[in-house]
Structure formats: structure tokens, C-alpha cells
Amino acid sequence: MTHPAITRLDQLGIGRSRLVVDSRAVKPGDVFAAFPGHSNDGRRYIESAVRAGAAAVFVQPGEGCLQDAAGAAPVIAIENLARNIGAVADEFYGRPSQSLRVVGVTGTNGKTTVASWLAQAYDTLAGKRGSAGMIGTLGSGLLARLEPSANTTPDAASVQTTLRELLDAGARSVAMEVSSHALDQGRVSGVRFDATVFTNLTQDHLDYHQTMEAYGAAKAKLFTDYPTKHRIVNADDDFGARMIARKLPQTVSYGMNAGLVRSHIARSSEYGMQLMIASPWGELDIATTVIGRFNAYNMTAVAATLLSQGFDPESVTAALARVNAAAGRMQRVTSSIERQAQPTVYVDYAHTPDALAKALSTLRDAGAKRLVAVFGCGGDRDRTKRSQMGDIAATLADSVLITSDNPRSESPESITADIEAGVPTPRRNRAQIIVDRREAIHHAIANAGPNDVILVAGKGHEDYQEVAGVRHHFSDVEVAQQALNVYAAREVSHAH
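In the working numbering, the protein residues as written are 201 to 696.
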């Protein structure tokens, strides 16, 4: 059953090139969708969209916006367009998700890594690059050519645009991060999933959802409100266990302590681990260069997804042995001057209490004798986690440098003070504040011994720092590498 608005477009002979919800992005020939949003009403921009060359306008009926825009473009009314934009866009683009293997990944931590590894595995399993796409924090597009995106999950029309572009570019599989905000706002409506994956639920985004119950309810929608063939759920997570207990069809549980697909770490070091996975489809023995118990969970989630989709254990084992850490996810940084004794430095996106604790514990378990943490917290976001993260860092690391993250509109000094307030009194001597992030990273590395391990946490892959509404270029990986080069050069001069 074709939507009447799409039928009308076809009758008018208007091509279906692009459906756009932001009037500033309109190009000649596009169709502009105008409806009230969360903070703005797109119907106020119909004229500017038509001036930019919109061939037609879809509009949610409202006060005086139904006349044809100065006669220049037909205006087609669609009831409840704000709620139905995903379904309309899906049809506008010829239902792209029906022709793709789309996997949606939700959860507090691990979304980016699971989506990235799924996309990498689909490329390997297809035997050629360019067969897998990704939509998420690292950007969207084919795996080798990710374009940056503003949100983890774009708006509903952009999601469908991207799926169509990926299909046209030759992709057959798409791994997609689905944030709780996106589920709450219906940004993946119109998507047909082949599989949906739940990683875990820990404190985050309480500035938006207010309570953990509301946050969990938003995450659960991916498994109850959308068509999917496979539901892959972490059985070791309290919320995951509650979802499994609902006995939704085609649920495959995974974990290290429970689950249909169960894993354990047979061996591990700071350079990698051997992961054994037992499943109804067979055993997997994976040697990988990624580290950490949380990454064992991420890898088990990916294995459970691929096995339930019908890939054989041997192929899955080979594909997972080849995956690389996603950018800024426990990413090892080394100096460009090789083989000099130097501290081991990891850059990680950990910006929640749970993720920071897991990252530090992982490095301690991998054999770190002296562990240094460099981190801050973002401004204008959940303030309750700041003191918790100060407590966690001072408890799990030997030395802590509290610094700026993205202060946004807040004062960096007040954020660092909030974090320091959580440091237990007996451990105050472990922590110091260096507000300038570049200076903090250089200080940590310059004062480290060659056997020390340093975790620079919070920003991961980001290449900017947002201060008072302005984004300045800043990359933890680049700054850490510069500091390591200085360190290595110093070691070379000492050796001579």
C-alpha cells in the first residue's frame, strides 16, 4: 500500500532524489519535510526551502501553512508527519532496509565497538571490502569512508537517506548504533532490523531521561516496537536478564556467567587475549589483539549475532580474530620513534562511571604496575556522575590528573571541582587538577616511568574540544603521540 503523499509525488512527476528535514541542507530537486520538532518548527522554513530549490513540500497540517509556497512548489499535507516521518522516508526511498541486513545495537557502553566489529566482520565474511556500512558515533557510510555525524543516531529521514545511499554504494549489511534518545524520539522508525543487540545498562543520560527506569524503557523499545528476526541480549546484565525473562521470540542470550552463547577468557596480556565461546552452533576459539573483560562481552555479542544469522563457527572465528579496536576505544598510542622504552598509553572514550571503572580494571588486570588516569567530565550533562568518577579513578588508579573534557557552557574549574569532591580524603594525594587538557596529557606522560600505563579517558575518537559553544581542534591521540615523541627523544638523548 503506497502512501498517498508518495503517490501524489509520482503523479506530479517529481523525482524521489532526497527527502530533507533541515531547510539549510535543501538542494534543487529535494523534497522538504516540514513539521514541529523538539526545539524548532520546520514549517517556519518552507519559503526558504522552496527558495533553495525544493521541488515539493511535505507538511504537517497546522495554522496557515497549507497554501502552495508562493505557487513555486506543491505542498502535500501529511497528518502526524512528525511521528510518521520514518515510515514516509522509508517508502520515499523504496524501503532500503528490506534489501539490507541491518543490525541495531543499543546499550550504555559498547555500542560503537559492537557496531564497528559487526561491520568489520561482515566485510571479512563477504570476502570483499565495501560490503558493510555503519551508522553511529564514529560517523556513517561504508566502513572505509565514514562521514562525521552530529548524533549517534541521525534523525529518522537521514537514517533512511543513509540506508539508501549505502545500498546504492553496494553495501549488503549495515551495523547501526541506536541511542536511547533516538528510540525515545522514534529516529529509527521505518527501519526493519535483521537483528537487534543489547549490550548493558548503567548510569548515563539522566539529564535527559531523569530516571534509570525511563532510560531502560527507552532502550527496551528496540526489542519490542520494531520488526526484527533476532534479539541478542546480555544475560549478565540486570536489565538484560529482565528482558530475557519476557520471553520475546527469537531471543539469543549471551554472557560470561549465563546465556545460550557463553564465553570465558582463556588467556590475556596487555597485547591481547584468547577468548573461548561455547554455543548451540559450535565452539569458537578466538585469538584477538583487543583487551579487557568488557571487550570479551562485546566480542561475545558480535559472535552471538553472527551465529544466530547463520554464519558458521569457523568463519565467525576467523572474522573476529581480524577485528581492530574501534577508533578511540582502548586505542594504544605509541611514539613515531620506535623501540624506545616508553610508558604504555591508551586513549578510550570511557565517559561514564561504569566505563571508566572497566577501562582502569582492564589495564590493572592486564598487568599494569603503576596506573595513571587522565580524564574530565563534559559540561551541561549529567552532573551526578562527576564525583562518582572522581572516586572511581582515585580508587583504581595510582595517580589521577583531573582535567577538562568538553566544558561546553560551564566553567571548567567548577566541573573539575565537582570531580575532585568525589575523591576520598585518604586518597587526595593521588589526585591533582590541571585544567588544560593538553598540559595534563603532556604532564602525565613526561612524569611516567617506562613501565607505567596511562589511560586518557573521556573523548576517544573526538577531534575537537567544545568550550563556550566553540569547537576547537583537539585530539587525545595526537596530543598523546606528541608527548610520547618528546619522551622518546629524551630517552634517545639520555642514551647517547
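Just so you know, the hints here were simulated from the structure itself, not pulled from any lab data. Some hints could be false.
What the hints assert, rightly or not - Derived BS3-like pairs: lysine-lysine, alpha-carbon spacing no greater than 30 Å straight-line: (1) K421 with K447; (2) K447 with K429; (3) K328 with K429.
As the list claims (entries may be wrong) - Pair ranges (Cβ atoms, derived): (4) N280 with H381: 45 to 55 Å; (5) A487 with G567: 41 to 51 Å; (6) G669 with A617: 17 to 27 Å; (7) R283 with R392: 10 to 20 Å; (8) G669 with V635: 26 to 36 Å; (9) K227 with G567: 18 to 28 Å; (10) R467 with N647: 48 to 58 Å; (11) G510 with E247: 33 to 43 Å; (12) R251 with H381: 23 to 33 Å; (13) S561 with D485: 22 to 32 Å; (14) D485 with A344: 39 to 49 Å; (15) G482 with R283: 42 to 52 Å; (16) R467 with N280: 31 to 41 Å.
The beta carbon of each residue, even a glycine, is placed where N, CA and C say it ideally should be.
Each hint tested on the structure:
1. Distance restraint check for K421 and K447: the Cα-Cα separation of roughly 15 Å lies within the 30 Å cut-off, and the hinted pair is therefore satisfied.
2. Among the hinted pairs, K447 with K429 is consistent with the structure: their alpha-carbon atoms are about 14 Å apart, no more than 30 Å.
3. Between the alpha carbons of K328 and K429 the distance comes to roughly 25 Å, so the proposed pair stays at or under 30 Å and holds.
4. Checked against the hint of 45 to 55 Å, the C-beta distance between N280 and H381 comes to roughly 20 Å, which is inconsistent with it.
5. In this structure, A487 and G567 break the distance hint of 41 to 51 Å, their C-beta atoms being roughly 18 Å apart.
6. A beta carbon spacing of about 22 Å between G669 and A617 agrees with the range 17 to 27 Å that was offered as a hint.
7. Roughly 18 Å separates the CB atoms of R283 and R392, a value that falls within the hinted 10 to 20 Å.
8. The given range of 26 to 36 Å is broken by G669 and V635, whose C-beta atoms sit roughly 18 Å from each other.
9. Checking the proposed 18 to 28 Å range against K227 and G567 shows it is violated: the Cβ atoms sit about 55 Å from each other.
10. As the Cβ distance of R467 to N647 is approximately 32 Å, the hint placing it in 48 to 58 Å is violated.
11. The hinted range of 33 to 43 Å is not satisfied by G510 and E247, whose Cβ atoms lie roughly 52 Å apart.
12. The hinted window of 23 to 33 Å between R251 and H381 holds, with their beta carbons roughly 32 Å apart.
13. Between S561 and D485 the C-beta distance comes to about 25 Å, which sits within the given range of 22 to 32 Å.
14. The beta-carbon spacing between D485 and A344, approximately 29 Å, falls outside the hinted interval of 39 to 49 Å.
15. Between G482 and R283 the CB atoms are about 44 Å apart, so this pair conforms to the stated range of 42 to 52 Å.
16. Separated by about 56 Å at the C-beta atoms, R467 and N280 break the suggested range of 31 to 41 Å.
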